[in-house]
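Take the given structure of chain A and dock chain B to it, following the hints.
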Amino acid sequence: MQSKTQPINTPVKTAGLPQVHEPRNPGMELDMDWVMGAQANTSAIERRVKSLPGRRSVKKDYQAAWMLKAITCIDLTTLSGDDTPGRVRRLCAKARQPVRADILEALGVEGITTGAVCVYHEMVETAVAALEGTGIPVAAVSTGFPAGLSPYHLRVAEIGESVKAGASEIDIVISRRHVLTGNWQALYNEMRDFRAACGDAHVKAILATGELGSLRNVARASLVCMMAGADFIKTSTGKEAVNATLPVSLVMMRAIRDYHARTGFRVGYKPAGGISKAKDAVTYLTLLKDELGDRWLSPDLFRFGASSLLGDLERQLEHHVTGNYSASYRHAIG
Amino acid sequence: MTVKDIFETMDYGPAPESTSEAMAWIAEHDGKFGQFINGDFTPHHDGFESRNPATGDILALVTQASGDDIDAAVTAATKAQKKWARTSGHERAKVLYAIARLLQKHSRLFAVLETMDNGKPIRESRDIDIPLVQQHFYYHAGMAQLMESELPDAEPLGVCGQIIPWNFPLLMLAWKIAPAIATGNTCVLKPAEYTSLTALLFAEICVQAGLPKGVVNIVTGNGAVGEMIVTHEDIDKIAFTGSTAVGRRIREATAGSGKALTLELGGKSPYIVFEDADIDSAVEGLVDAIWFNQGQVCCAGSRLLVQEGIAEEFYAKLKVRMDGLRMGDPLDKCIDIGALVDPVQHATVTDMVARGGAEGEVYHAKCKLPNQGCYYPPTLITGLDSAAYLMQEEIFGPVLVSTTFRTPAEAVQLANNTRYGLAASVWSENVNLALDIAPKLVAGIVWVNATNLFDAAAGFGGVRESGFGREGGWEGLSAYTRPKTASKPLHPIMPVSAPKGAQVTELDRTAKMYIGGKQARPDSGYSTAIWSPKGKLLGHVGQGSRKDIRNAVEAAHAAKGWAKTTGHLRAQILYYIAENLSARGDEFAKRLNEISGKTGGRKEVDATLSRLFTYAAWADKYDGQAHGVPIRGIALAMKEPVGVIGALCPDDAPLLGLISVMAPAIAMGNTCVLAASQAAPLAATDFYQVLDTSDVPAGVVNILTGDHADLAGPLAGHLDVDAVWSFSSTDLSAQIEHASAGNLKRTWVNNARTRDWFGKDGEGREFLQQATEVKNIWVPYGE
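Read top to bottom, the protein sequences are chains A and B. According to numbering that gives the first Met the number 0, the first sequence is numbered sequentially starting from 0. According to numbering that gives the first Met the number 0, the second sequence is numbered sequentially starting from 0.
One chain only, chain A, in its complex shape:
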């Protein structure tokens, strides 16, 4: 089990993302022994995550600091058919200033932005322009998002188009059918092609865990995507019936931990969809801290894919500052 697999190429220089400090995961050859040896016992995993909120509690100033951290890890997202440049510019403005200035001042912090803005390809140029000079990266969902069933060459080409348009992060969707039919080699090849197409842009592999059938498949798909060079693994498109959950997150984090233990490369994690409460966000961060360690508590290795989470975090921060429960209309919409 303890294979000493070496990465097949050396780390390349990172894309110019301000918050990236890690050598990129170069990937490795597909190690089927490792993939097939991965297990995930659903009941045990559910027990672990169920007891977590009772085991970890963050209070007062600590809670405020953790909520601010959560904000800096949000990929502020709009992925709607009715997105317009105006809507995207408003979102970008919110990403630049996600919390009211007086609240930040009361907390004694400054320079808080979201981790990124995440949009469809058509909105990339607008977002890049709106965020110019902020250092906030623009992420584009790609490869026939959300189903990933458009012609293969077009999916690969879509990545190139978004990179050309200025996206520095690409959220690709994997072909779920490769997982469901156990065609791990095909999944590996696809992911390698996508990674290559990204060039210097970071690639997040969306597993669409709600469609993979089992946690064991989630564990195996996570490993295959990391072996093929994913910079991040991400749970969901937000369009599946079940999106990010704590059990799925535990499985993916453990896969990331194993991958780091064997290769020395840190891969990032992005739960997406369904996380809308400040309390839930803090629970995710505690899971991350306990399973992967403090190093991952940073936007270069962790993101929330979320749209409504920010609103709740703002309200809770205002509550922390004033002692009174807040109202949503007191905070700017994004």
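Since the hints were derived computationally from the structure, they do not count as laboratory data. Check each hint, because a few of them may be wrong.
[To be verified] Pulled from the structure, derived: some chain A residues nowhere near chain B, Cβ distances all over 10 Å:
id, residue
1, 31
2, 50
3, 128
4, 165
5, 241
6, 327
[As the list claims (entries may be wrong)] Restricting the straight-line Cα-Cα distance to at most 16 Å, the calculated cross-link-like pairs of lysine to aspartate or glutamate (EDC-like) are:
id, chain 1, residue 1, chain 2, residue 2
7, A, 58, B, 639
8, A, 288, B, 10
9, A, 288, B, 7
10, B, 3, A, 289
11, A, 59, B, 10
12, A, 59, B, 126
13, A, 49, B, 4
All of these numbers come straight from a predicted model, not from anything done at the bench. Just so you know, even glycine gets a beta-carbon here, dropped at the ideal spot from N, CA and C.
Structure of chain B alone, referenced to chain A:
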């Protein structure tokens, strides 16, 4: 630390639970507690300190009970018992329900008080202990409601003396009191001296719930108080949870007293990880196995057995996980491990690791320890052999010991290589493997891909030196009820003395003993003549001795494959025994008439045939249960044979008595060593010829003859016998119960009373229950 600083470090920070309500409750009592006797709190006297082990602070002064206090409590319980037992099940159910509701309403107060008194993390008292306590009273409210309809043949035992430990103070109280009062008993309960406070708070709840005076009495104090309870003449049952050493002393102290006894003792429970397990989940499981309640858990998975090929990886992951555990103030909502209960316990754990740690490699978790208080770091000791001191002895602290195995068979062998038999965990993603291993483990509870799951609906309790009796589930009710069996005093029935003018009419026939399927001469080389009341020499039988017992027990163990046969096969063999006995019915009837000098021989043969049919019928019908536990999964309560049962057979029905003992034992898969009626052994020695012709495998039934008083000691003292029954007309109850303390085997003795062997009390569920252990196998599932 400013918000800005914390944003960088991302520390957890303190998250303390407030103690103000709990302190206010203590202050209401001026920090001094009396006891709860006959529905009232007595004045405080002879106080001892109850301390918070995390800080060393004195919480309150508690009373050291006097002999008069115990008498008063037992008198109150005795007075209350008959009326409480006559109270309708529904009325009792209403009271238990009210207790459950009140526990729920005051749940945080109980949790905080428990943590302050015991040192366990507030997370555990709040999320595990107290909810389980509530659940236990709700569940047993239901048992009170159903008792009349579902257990019409059961009656309460009377006054129960209950002595509980400090590791789960309120939960152990619930496990003792809820089933006792649900079934119409009354209680005198003593909490551990370190942790009396939640029991006293519980007493207040009893008043509010409308529990009649005297039904529950709480007395406090040290082991001397426990001893007064154990030896009190007017107590009918002792229930004890605690160390094996004390349990053994209680067994000896109650021997022959007629008190019912259940013991829930120590353990060294194996935690088996196969190479196909979900390794990360198995590592995480250990946090709940051995670092739950600081490892002060009788069923803690304290003996890690890892398949060799994954051991290195497993230990590496485990050490990382250990380093991430957070130790500290038990009232902090963000810690995993609190304080050991007392400096004495801390010293014991420290000394044990100092003594035995060098036999392996000791790893202490690199987590931060508080500067003061009884904290011991999570510890892993690898590379121990099965002979190592720490592999054998219970540490009762946060110390995990480990070794490796190669094959499933070796895992079972290592797992069972212990004097204990409480619990076990099996981790494998292969359902065939897990469900094959679970029944092979000598334990009362097996968790598959899980650990330390508890519920009121599933019995808890062990085998071997982990004690006997179950708490929880239907099986737990037998600890607080007995069958309504009619019994009458039994007078010694002695062999007929040699007559003056002996009649010797027939060719000498030598009755031998029957060991391992062969006729065996007595090791002693002595024989005894057996005479009929009319002065006829009926034959000679060997004088059995300890050597014959040794040989018979060895033969019984060699026949252990019998336990793995199907119920259907055992039924077929019991029917076949009946068929062959029937064919020789006239001969047996004649023999019985000669033995007794009366004419009831035919009737006894016919009753014996019916009895064989009864247990042939039961052999494949005494089903286990699938308990409805609150997980996605099942808890299978499997009925397993006890093992080797030694029995002194009745003298008042030489053939029927022998079969009444043998048939339920072998029907359930046990093997047995039977001491034939001392007064009339020849029916038994004739009977082994029937066994010989009925396909009974060698060693399943072994028959000895001789003096019951000589055989009882070696049989009850034999460390490889799992249960001893006595129906002898010589009252050997005290001797047997006393000698059984060696390996804490189960005993079933008649206390000089007998039952009607020809009637319904001579057979049935009571015998089957005595012939089986209930093993609860928890199987969570889900893909």
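Against the structure, the hints:
1. 31: holds (16 Å)
2. 50: The assertion about residue 50/A is violated, with a minimum of 7 Å to chain B.
3. 128: holds (30 Å)
4. 165: holds (29 Å)
5. 241: Holds, since 14 Å exceeds 10 Å.
6. 327: holds (23 Å)
7. 58/A x 639/B: violated (51 Å)
8. 288/A x 10/B: holds (9 Å)
9. 288/A x 7/B: holds (13 Å)
10. 3/B x 289/A: violated (21 Å)
11. 59/A x 10/B: holds (12 Å)
12. 59/A x 126/B: It is violated: about 22 Å lies between the C-alpha atoms, which goes past 16 Å.
13. 49/A x 4/B: Measuring from Cα to Cα gives roughly 30 Å; hence the hint is violated.
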